[in-house]
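Novice: Protein chains in written order, with the working numbering: chain U, 1 to 366; chain L, 1001 to 1112.
Be careful, since some hints might not be right.
Label-pair restraints from in silico Cβ distances [unchecked claim]:
#1 L/LEU1006 <-> U/TYR161: 54 to 62 Å
#2 U/ASP35 <-> L/LEU1034: 22 to 30 Å
#3 L/LYS1003 <-> U/ASP349: 19 to 27 Å
#4 U/PRO362 <-> L/ASN1028: 55 to 63 Å
#5 L/ASP1088 <-> U/PRO362: 15 to 23 Å
#6 L/ASP1088 <-> U/ASN309: 20 to 28 Å
#7 L/ASN1028 <-> U/GLU106: 45 to 53 Å
#8 L/ASN1028 <-> U/GLU86: 56 to 64 Å
#9 L/ASN1077 <-> U/PRO362: 54 to 62 Å
Hint data in this document are derived by calculation from the structure and do not stem from the laboratory.
Just so it is clear, CB atoms sit at the ideal spot from N, CA and C, and this is done for glycine as well.
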Amino acid sequence: MISDNIKYILDLKEEFSNDLSILFYHGIFSDMFSDTIVSLADNDEQKTIKKKISFLVVEVFQNIVRHGESEDKLIKENVFGMRNKENILEIFSSNIVDKNIHDLLEQKLSHINTLNLQELKMMYRSILSSGEFGEKGGAGLGLIEMARKSGNKIQYSFDPYDDSYKFNYQLDLSTIKGKEITDNDKTNIRENVRLYSSALQNDILFFYKGDFKRESSNALLKILKENTQTYSKNKDVNNFKIFHTGVELIQNICRHGKEINGVIEGIFSLKKTKKGYYICTGNYIKSNDFSAIEKHISKINEVDKEQLNKIYLKTLKENSKIESNNAGVGLLDLRRYNESLIDYEIIKDDLGFYLSLGMLMPDFQE
Amino acid sequence: MDKELLPIIKFEESIGTLYISGVSMMENALDYYLVCKNHIDDYLSNNDKVIIDFNLSYFNSSSAKQFIQLLSKIENNKGKAVWRYPEDNIILHDRGRELEILVDVEFEFVAE
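Extracted from the complex, chain U is given alone in its bound form (with noise of 0.2 Å):
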């Protein structure tokens, strides 16, 4: 029987098929990230698309990192999102703020989006030559330059949430150059604040489907890495644990996910449960040999602590005396660290075997 977590996860490989790339995220906001994230977004845009890219998420992120910083209930609300469609980028935010905001933020981006981009930059001149701005960006500097990069109107909504309102809003980029995108070509806004609200409300706090070479792979580490620490409040054990597992499966996918049209397809999702954290991942693989993992993970899932020690050893030492990244024990370790089962599920399509695997770390309390 399919686990649940794993349904998730296939029911997203086919609800975002058609998407190059996608990205939830929904973690620690900080400058630093805003170039991994754009690493992420991919493929092989000319140079002035990247720079365009890397302005709207550096923006984008900023903006939460200025409005989500002061109280707990904000921060948990905050949200990040990429999606690379065939000619389209979509970069989508959502964060909590007060009426007053939301007053100003309406009226800022309901006159932004009358205007054309000549007008746009008339209007970014003068309240930079009037000197209106203040520390916050009151005056919708950022708005105009997210509205000008983009060569886009700016998609919003509000949502009301207690005493405030949930600020979505979306950007849309070509990523052809000279390329424009019409209406018809975007994905409303409404139909993304679905997508991400669900991902939150499946306590998703990180989710990307994308390519999974060497560079990508090792965006989402270092993304990892930052985050592992607020992750898990128990020390130690549980953030060696939660970054190990992600360590070990992304770099599975690396090494084993099959290269289809220049791309190694794969899916990586961290989430909170209420035993544990738990990680899932899903790719094609480059072995037609499925039986042969399906009988690798469920002889590593029917042996004990104590055998699992000494397979590992032998395992380790046995494949030292072989030439090659690959230690073969990356499973075992998990399996033995995490003392849970390893959940996983082999199907069949076009493009070939996909397996997805997925992993609880259970809370450790001392």
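Based on the hints, put chain L in the right spot on chain U.
Specialist: Below, chain L without anything else, positioned relative to chain U:
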């Protein structure tokens, strides 16, 4: 290359010591540790012993395999390993002990 994922490696010839510190979590550990292996081989062609001094806060399984290969070069009395770990970190201590079991090399454990 992504520095955040790589250890700091230093080989001090004057005292025959290879220092590996920080994190070691690259996917292509084989390529990365090739230089270290060559250093050890070169040094041992003119000298008796090499000390490998580990001071890591994290390493992945691909790195563990490379550590076994490095350590196996100093088996049979051709050196020793120093394994530094944060005093309260049982996991890192134990991961060092496991390497010790797998090779015939003297290990010195230092809690820091």
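Novice: Now look at each hint and say whether the structure bears it out.
Specialist: How the hints compare with the structure:
Between L/LEU1006 and U/TYR161 the C-beta distance comes to about 43 Å, which lies outside the given range of 54 to 62 Å. A beta carbon spacing of about 29 Å between U/ASP35 and L/LEU1034 agrees with the range 22 to 30 Å that was offered as a hint. Taking 19 to 27 Å as the suggested C-beta distance range, the pair L/LYS1003 and U/ASP349 does not conform, at roughly 39 Å. In this structure the supplied range 55 to 63 Å is violated for U/PRO362 paired with L/ASN1028, their Cβ-Cβ distance being about 32 Å.
A hinted range of 15 to 23 Å holds for the C-beta pair L/ASP1088 and U/PRO362, which are about 21 Å apart. Range check, L/ASP1088 to U/ASN309: about 22 Å between beta-carbon atoms, so the 20 to 28 Å window is met. Checked against the given bound of 45 to 53 Å, the beta carbons of L/ASN1028 and U/GLU106, roughly 51 Å apart, stay inside it. For L/ASN1028 paired with U/GLU86, a C-beta distance near 32 Å fails the hint of 56 to 64 Å.
Between L/ASN1077 and U/PRO362 the CB atoms are about 43 Å apart, so this pair departs from the stated range of 54 to 62 Å.
Hints 1, 3, 4, 8 and 9, counting from the list given before, are not met by this structure.
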